Every structure is written in structure tokens, then in C-alpha cells.
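Residue numbers (numbering that gives the first Met the number 0), protein chains in the order written: chain A, 0 to 256; chain B, 0 to 256; chain C, 0 to 256.
The set of hints was computed from the structure by calculation and includes no laboratory data.
Keep in mind that a hint or two might mislead.
Claimed, not checked - Not close to chain A: a few residues of chain B, all C-beta gaps over 12 Å, as computed:
hint: 1; residue: Glu146
hint: 2; residue: Asn159
hint: 3; residue: Asp178
hint: 4; residue: Ala186
Claimed, not checked - DEER-style ranges, computed between Cβ atoms:
hint: 5; chain 1: A; residue 1: Ala54; chain 2: B; residue 2: Glu173; range: 54 to 64 Å
hint: 6; chain 1: B; residue 1: Ala186; chain 2: A; residue 2: Glu173; range: 27 to 37 Å
hint: 7; chain 1: C; residue 1: Ala59; chain 2: B; residue 2: Glu173; range: 18 to 28 Å
hint: 8; chain 1: C; residue 1: Arg254; chain 2: A; residue 2: Ala54; range: 41 to 51 Å
hint: 9; chain 1: B; residue 1: Leu144; chain 2: A; residue 2: Glu146; range: 55 to 65 Å
hint: 10; chain 1: B; residue 1: Lys248; chain 2: C; residue 2: Ala42; range: 23 to 33 Å
hint: 11; chain 1: B; residue 1: Arg254; chain 2: C; residue 2: Ala205; range: 27 to 37 Å
Remember, it's a predicted structure, so these values are computed and weren't measured experimentally.
We put the beta carbon where it would ideally sit given N, CA and C, even for glycine.
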Amino acid sequence: MPRKITSLTAASALSLLAAPAFAEDPRSTLPGAVAQVAPALAAYAEGALFDGEWAQAALAPRDRALVTFATLVTRHEADTLAVHAALALDAGVTPAELSETITQLAFYTGLGNATAAAQAIAPVFAERGIAPEDLPGATPGLLPLNEAAEAAREATVQGNFANVSPGVVANTREVLFLDLWRRPGLAPRDRSLVTVAALIAAGQPAQMTFHLNRAMDNGLTQEEAGAMLSHLAFYAGWPRVFSALPVAKQVFEARTP
Amino acid sequence: MPRKITSLTAASALSLLAAPAFAEDPRSTLPGAVAQVAPALAAYAEGALFDGEWAQAALAPRDRALVTFATLVTRHEADTLAVHAALALDAGVTPAELSETITQLAFYTGLGNATAAAQAIAPVFAERGIAPEDLPGATPGLLPLNEAAEAAREATVQGNFANVSPGVVANTREVLFLDLWRRPGLAPRDRSLVTVAALIAAGQPAQMTFHLNRAMDNGLTQEEAGAMLSHLAFYAGWPRVFSALPVAKQVFEARTP
Amino acid sequence: MPRKITSLTAASALSLLAAPAFAEDPRSTLPGAVAQVAPALAAYAEGALFDGEWAQAALAPRDRALVTFATLVTRHEADTLAVHAALALDAGVTPAELSETITQLAFYTGLGNATAAAQAIAPVFAERGIAPEDLPGATPGLLPLNEAAEAAREATVQGNFANVSPGVVANTREVLFLDLWRRPGLAPRDRSLVTVAALIAAGQPAQMTFHLNRAMDNGLTQEEAGAMLSHLAFYAGWPRVFSALPVAKQVFEARTP
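If we strip away everything but chain A, and leave its shape as in the complex, we get (with noise of 0.2 Å):
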């Protein structure tokens, strides 16, 4: 971690003078007012997640900077997300996997949390020279359909909520997993891990057990899972992974054979 870039605009003015224009240095994210206001949290900061939980092997930093920018998504958390995405970008993740990653957001964390992130990214986007053209459209080819797995979703799905809700049933067929789940821009693997990422933080365990699973059925192992947890802990609050703890304890013992 070569060095420390306090805000997108002292990176900008630095990209004048050498390449990468950013560090893939998460100190980048950290505002200055927090050695200023609570010089503790800015050691803590430093300490345990900069240097302590982010050089954890047992998840990659891109991953680790995925799942960062989907929490953050998801509290609209807007005006950090900037820095954020710049630093994601510089970790490997591609802009395609970022305009996806906010899409797959609007729908499970609520459009508000999407358009606040398009219009605080926008400008990073904008300074890299990422044109619309550049990201997936409307309609790409779409990977395969699992028809088993989808077959058995929708009887279930159906057979609660059919009475209730025939608009959500509908919705989330033909909007949901027929169609957003299949976009080859982000692998189901990662639009799995960012999924899962917004239940944490947004404190829906009881709407993680489906897509914790699909996760490790789409290639996330549980050492990974378990190093999210401890991640997001940082980002989205110790409470909200302790809620989240047993729902994967029971995940994980489940699938062991």
C-alpha cells in the first residue's frame, strides 16, 4: 500500500504525475475529519481493518472491494461511494461488474439506493473515460436457465404467495429470474456475493438462507462466506453480522455432508 490518497480530488490532481492514478489502498476511503474527530476510530481504522482485515488471504481485495461498494449501496451510504468505486475499479473489478452491481442493488435493496449510487459514481465513471456504450445494454445474450432450481422456485413462490401478491410472483419470474439473474455481465457467483453482501447489511437474515446457498451452489466457498462476515462487520456493524451468524452456521451444516 504505497501511499495515502485522502480524496478523489488529490487522486486526480496525483494522476498527473504518475500511473495508476489510484492506489488500490482502502486508506483512500478514509475522510480526513476522523483523525480530527475520534483520532481512536482513525487508529482502529488503520489497525485492525486497513492493515488487519483487509490483508486477509482468505478473501481476495477485489472481492473484499465488491462487497465494500454493495454495502454501501445498500445503507445509501452515497457520499463515500465515489472513493469507493474508484478503489474497486483499481482492485480488478470492471466497470461492466460495477454498472451491474448497482442494477442487481435496485432491485434488492430498492431503486432509490441505485439512483443515488449511478449519480455518486457518475463522475468517476466520467474521469476514466467509462461511456454508457462501454456497459452492458438492455438486452444481452443471457446465460442459461438452471430450469430445475427455477421450476422449484416458482412452485414455492407460487404456492405462498400467489393469493396475496400476483403481482410480486409475476415480477419476480419474469424480472427477477428470468431475466436479471441471467446478464452475463456480473458471474452468478459475484451477483450471488453482492446479494448476499445487501442482506447482511440491510439486517434480512431471514431472507439469506436462499441466497447463501445459491451463492456456494454458484462457487462462493465457506471460507469466503465466513471472511465476508467479518469483513462486513466493519462496514455494516457488528450487530447486523452477529444476526447473520447463525443463519450461515445453519447454511454451512447443512451442506456438509
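For chain A, the structure is supplied; the task is to place chains B and C on it using the hints.
Here is chains B and C on its own, set in the frame of chain A:
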């Protein structure tokens, strides 16, 4: 839906040319940055949400605008409240109803959400010449009380919590049920509607049984409630609605003879 | 409550004329737009909240200002934190206690809430001449550890989650319970108080049993806890408090001989 209006400022400029200044068009609420950063999301919003969900007959556009506004107040999405207040007014929600919704949600989602909402929509009221004296005052004549229902509610809350927090028990009675809920500026059905929307958006399904029953006692139909769940999935996120669906199912079934 | 102060700027101007610059008056926290858009809410705030709840003897004004601040940090209501920090300082909360509250809530509600709080109140600290060297540093002498309680806590968490997320288990022990909770800049009773307030405000009643018991072990009385619930109903919304009441009831009853 005659044309796309992308911002309040643009709408103001257009108001010199043609009335109505604000078309009743939910498209007006989507920031332009979405198409720049997440073109797929812009397409989903256009198709599934604006052409799809908003056009479903199961819930009136006026009700959709009102519950969307309530959801955004609950989520503290202050930056989009002005354009959604304008949309609601164009869709037939009265200034008095918006004012009462903010007051209701101060109690049901926290004072800070309501004060931020007041700050966000004050310019809309000013632009349209809506003055404080046009709005419901502090001490209107109150709607009659359903004394049997209130006695049952009070007995339950007293029995459970009189020794835990006498302050909550007293304020719930004096401020909320003997006063706030009896204010005539927002019809009981609509007061319940925005309250249920707020409970869904805030992830409080445990508090929903009482208020959804009250909403239906006050005239909300099962079809409208189901359509509201479908509508709110877009604005509060699918997981919030999936946590609310079992509660709605239970309420609907318990009311079916 | 000598006079109404409507903004930080107005208060600053008045400071040239008379001390104290900030009256200890919660009225100072209500934005003027409320009276414009929701006059009924302005009247409720004046009557039920400022004249009513804040004046109840069951919880000291200093404690009310502290838990209000904690609630607003938890809800990411950054725009009102400056005026509430000023109110808290005027009510007897020390700069060190505000600083430690922000650090505590970084862990219990997520880093971004704490960094936004630091940014929001940095001008208040600057205006009052509070410098980083006046605040608790990174490595103060620590309060003694209750070794039996810590051993029991660690055994439970290890037993439940060591195989789920070893990182969470380690950080919870090393960073939180062996370090953060032992920092002397915020008394254990107050550290627990802001933590319980945060759990209520964030809708995490499941995590409240441990922390409310800890708060009462640390000196919070049942009457104070009940009054805090009544106070927080206004700032976090009634439903959050009604989800917390059964947990408080259970804790109170289990502690009654």
C-alpha cells in the same frame, strides 16, 4: 404520459411554456445518471416499473404516488423527495395529505425522516404557492374515536408494557391514538396506507399485523394491499417485500370467512 | 429553555452577544421548514417532545442528548448531527464522550455512519476550539477486564461461530471486548447506553438482550431504560420501540428477584 421530465429545474423552465408544469409521469423521477452508469437499470425502470407496475389497475396512480412518497420518507431518500412530491401532487394527492403524511411518518419512522422531508419539499410547496395556512393546523376538529377498538388496544399495551416504559404507553395513547390518528387531513384509510408502506419499507413485518388489519378495516382492499406489495418491491427492495408477504398472507386468511 | 435557536449559524452569531452560545434547548434542533410544510408536526414537536418527553425526570437531559445523538448517528442523519452535537455538549456531554460515542458506533452500526458523523461535527469541534489532542488517543490505559464475564462471552461465541467465521470471533475478542469496551473515555454505563440506543434505532432487538443486561450491570436503572425507550420512540419511530419493548420486558423480569 406525454413527455419525460428529468429534473425539477427542467420542469420549472417548462412551466413557462405549457401547463401542467409537472406531467403525472413517474419517468420524471429517474435521474439522468442512471442511463450513464447503469443503462440496463434505466431500461428496467422504463419497462418493468414505469410502463409495467405503475400502469397496473389494481392500485390507483394516486395511491402509488402516495406510498412511493411514504417509502422514500421512511428510507431518508431526501434527494428524490422533491420530484416525488411533485409527482404525488400531480397525481391527485393534496398538499394537506402530503403534510399529514410527513407528520404521521414522524411518529412511525422517526422525527429526522420527517424534518428532512419537510426541508426537501418546502421548495415544491413554495413554487406552487402552498402556504402554511393552507395546510392542516395543530388542533383541527378530530374524527370520532372507535372507543371499543381503542379500549382493546390500550388494554393490550398497558398489560404488556406499563411496567416497562410508562412513557411509551402514555404517549401512544395520548399523542398517537387519541390525537394523531383522529386528524381529518388524511383519511383513515390513507393514514393506514402510508403507515403500512412505512413498516414494509423499514423492515418491520412484526408490527404489520395490527396496521394492515386496521388499513383493511378502514377500507383498503386485499387487491390494493397486494398491489402495494408489488409496487413497493421496486422502491424498498424485494427482500423487504418477501419479509412482509407471510404477514399479509396471514392477515388476509384470518379475515376470510 | 430561554430561547429558540433555529440554526448553527444563528447560534454562532448570537455567541457574540451572550454566553452560553448554545442554549441547552432541544428546540434548537427543529428546522424551520417543518413549520412551513407540516405545521401540525411543529406543534407536536413543541408540545409532546420538547415540553413533554425531554422534560421528564426519569432520564437526565444529558442522557437524552447523548442517546439522541447516538440514534441519529445510527440512522445516518448527518445533516442534523452538528446541531445535536452542540446540544449534547451544552447538556454536559464532554467532547471526549462524543468522540468515543462515534468510535463505539463505528463498530456497532458500521464505519460509514461514524465517518459521516465525524465530518458533520468537525465544524462544531473546530468552532469550540476542541483539538484532536484534547480527545482520547489510540492507546489510553484500559479499564480492568471482568475476566469471568469475558471468558463466558468468548466461550459462547467460540462455541457457536468458530467454524463459521474465525475472523469475526477473533476481532470481537481482540478489538471489541479486550480493547474498545475497556477504553476509559466513555464510562461503561454510557458506552452501553449508546450501544443499546443504536440497537433499538437500527431495529436489532435480537442483539439487545446481551447489551441491555450489560448496561444494567454497568449501572443503568430500569427506570432510565424505560425512559430511553419512550424518548427514542420520537427519534427512531414507534415501531422500532415496539419491537424493543418485549426484549426489555424480558430482561427486566429476568433481573427481578
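Hints and how they fare:
Every CB of chain A is more than 12 Å from the CB of Glu146/B (nearest about 32 Å), matching its label as outside the interface. Listed as a non-interface residue, Asn159/B keeps its Cβ farther than 12 Å from every Cβ of chain A; the least gap is roughly 24 Å. The beta carbon of Asp178/B is kept farther than 12 Å from every beta carbon of chain A, the shortest such distance being approximately 31 Å. For Ala186/B, the requirement that its beta carbon stay farther than 12 Å from each beta carbon of chain A is met, with the minimum near 23 Å.
Separated by about 55 Å at the C-beta atoms, Ala54/A and Glu173/B satisfy the suggested range of 54 to 64 Å. As the Cβ distance of Ala186/B to Glu173/A is approximately 34 Å, the hint placing it in 27 to 37 Å holds. Checked against the hint of 18 to 28 Å, the pair Ala59/C and Glu173/B passes, with Cβ atoms roughly 23 Å apart. Separated by about 43 Å at the C-beta atoms, Arg254/C and Ala54/A satisfy the suggested range of 41 to 51 Å.
Separation of Leu144/B from Glu146/A is about 56 Å and conforms to the stated range, judged on CB atoms against 55 to 65 Å. Under the hint 23 to 33 Å, the C-beta atoms of Lys248/B and Ala42/C, about 39 Å apart, miss the expected range. Checked against the given bound of 27 to 37 Å, the beta carbons of Arg254/B and Ala205/C, roughly 29 Å apart, stay inside it.
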